[in-house]
Each structure stands twice: as structure tokens, then as C-alpha cells.
Amino acid sequence: MPDSLLNNWPCADLAYVVGLVASDGNLQKQNNCIILVSTDQEIVELCVFILQSVKPQIIISDQGFPRKRAYMLQVCDHRFRAFLQDLGLTPKKTYTIGELAIPDWVFRDFLRGELDGDGGWYIAKGWRESKYLVAKFTSRSQTYLEWISDSVYRLTGMEGALQTSRLYYNGKKAEQLGEWIYYEKDLPCLQRKREVWNNWMNR
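Just add 10 to the spot in the sequence shown (first one is 1) and you have my numbering.
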């Protein structure tokens with residue numbers, strides 16, 4: 011990883027990667043390695059491109075039932091690890107992750123990464139079979155979800171529906187959230203998730 015990438019912080023692309031690491035990543039306790047696991051090859055390739063990894067270690071395995079291919083990216087860089095720890099990420103963060111030091115002007119990029127990791131869009135049915143868009147974020151840390159909810163409300167005025175391990179934005183709020191995080195056409199994101207929002211908005 012080039013020094014210039016970390017020296018340019020805060021920047022939108024790196025904030026997106028931080029969101030992915032916060033959701034699907036893991037800081038190894040024994041070394042300086044950061045591991046990101048995803049069932050979407052596109053996510054791993056985006057991270058390699060943004061981090062400018064010269065020799066990325068990518069492991070492909072089949073897991074789960076039914077068997078689903080998973081892609082694991084390993085980045086071993088003491089500067090990147092120190093950077094993530096300075097933001098508030100720690101090893102074994104599943105239940106302990108809380109507020110992160112994400113600057114306001116790149117928070118929506120961070121949130122887009124979080125959504126591409128442990129979040130997503132889906133179409134729900136309401137009263138009399140009416141349909142509406144939903145944005146969902148998941149975490150085992152309620153403190154982390156509360157921080158995300160509070161940050162989105164502070165920056166946009168949109169209030170989410172917070173439940174145990176879940177944060178939802180429904181209907182118009184979901185539509186507006188998408189407009190906020192997809193503020194330009196060519197942004198790093200998982201295309202299959204963005205297409206759900208795009209298709210709903212263009213219906």
C-alpha cells in the first residue's frame with residue numbers, strides 16, 4: 011500500500027474500504043494482517059484496486075450449505091492496521107465495535123461500504139400489498155448501530171428504525187438514503203446492491 015493513500019485521508023474511496031472492513035473485515039490479533047471475507051468477488055477486487063495492493067493474497071473457498079463461494083483478501087501492512095486502529099477498529103470487534111472516527115464529509119462513503127458488507131436493500135410489502143423500499147444494516151453491536159443511526163440523523167435529518175441487531179430505513183427515507191450515498195455515477199460500490207435501489211427509483 012503506497013504512503014500517499016493514507017496521507018490523503020480523509021478521502022472517499024478509503025472511507026468506503028473502512029466501511030467494508032468495519033462490517034466484513036477482521037484485524038488479526040497475532041500479526042499486522044487485515045482479512046476481508048465476502049461472497050462477492052467484486053468487493054475483493056474493489057478493495058485491491060483502491061488499496062493498490064501489489065501482491066494481494068486472495069483465497070477462494072466453498073463454505074456453507076448449500077455451498078457458496080467465498081473470497082478472502084488478506085492485507086498485511088502495519089501502517090494500514092495502525093490507521094484502522096486509530097479510527098477505533100479492534101480485533102474481535104463483532105460485539106465490541108462502537109463509534110468510529112469517521113469525518114463527516116466522508117461518512118456517506120463509509121456508510122456505502124457498510125451497506126455493501128452487512129447491509130442491503132430489499133422490497134417489502136405493506137398495507138394492502140403496497141410495496142416500499144427498505145435499507146437494512148446489521149451488527150451484533152447495538153452501540154455501533156446507534157452511532158450509525160445518530161450520525162445519519164445528524165447529517166441528513168433522516169431517522170432510522172433501530173431494533174436489536176438491525177437498523178432500517180423504510181420508504182421515502184430509504185430512497186433518500188440511496189440518493190445520499192450514491193451521489194455520483196461512478197462510485198465504488200457493489201453493483202448488484204445498487205441496482206436494487208436503481209431499479210426501484212426507475213420503476
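If you are wondering where the hints come from, they were derived from the structure by calculation, not from laboratory data.
There may be inaccurate statements among the hints.
FRET-style restraints, in silico, Cβ to Cβ [said to hold, decoys possible]:
no., residue 1, residue 2, range
1, Gly181, Ile68, 30 to 40 Å
2, Asn42, Thr104, 36 to 46 Å
3, Tyr163, Tyr193, 33 to 43 Å
4, Asp96, Arg138, 45 to 55 Å
5, Gly167, Gln40, 40 to 50 Å
6, Arg138, Asp13, 56 to 66 Å
7, Ile70, Met11, 33 to 43 Å
8, Gly181, Gln95, 13 to 23 Å
9, Gly167, Gly136, 36 to 46 Å
10, Gln95, Gly136, 22 to 32 Å
11, Glu139, Asp13, 26 to 36 Å
12, Arg138, Leu16, 45 to 55 Å
Each residue gets a CB set at the ideal place from its N, CA and C atoms; glycine is no exception.
### Message
To test your reading of the hints: which numbers does this structure violate?
### Response
Numbers 2, 3, 7, 8, 9, 10, 11, in rising order.
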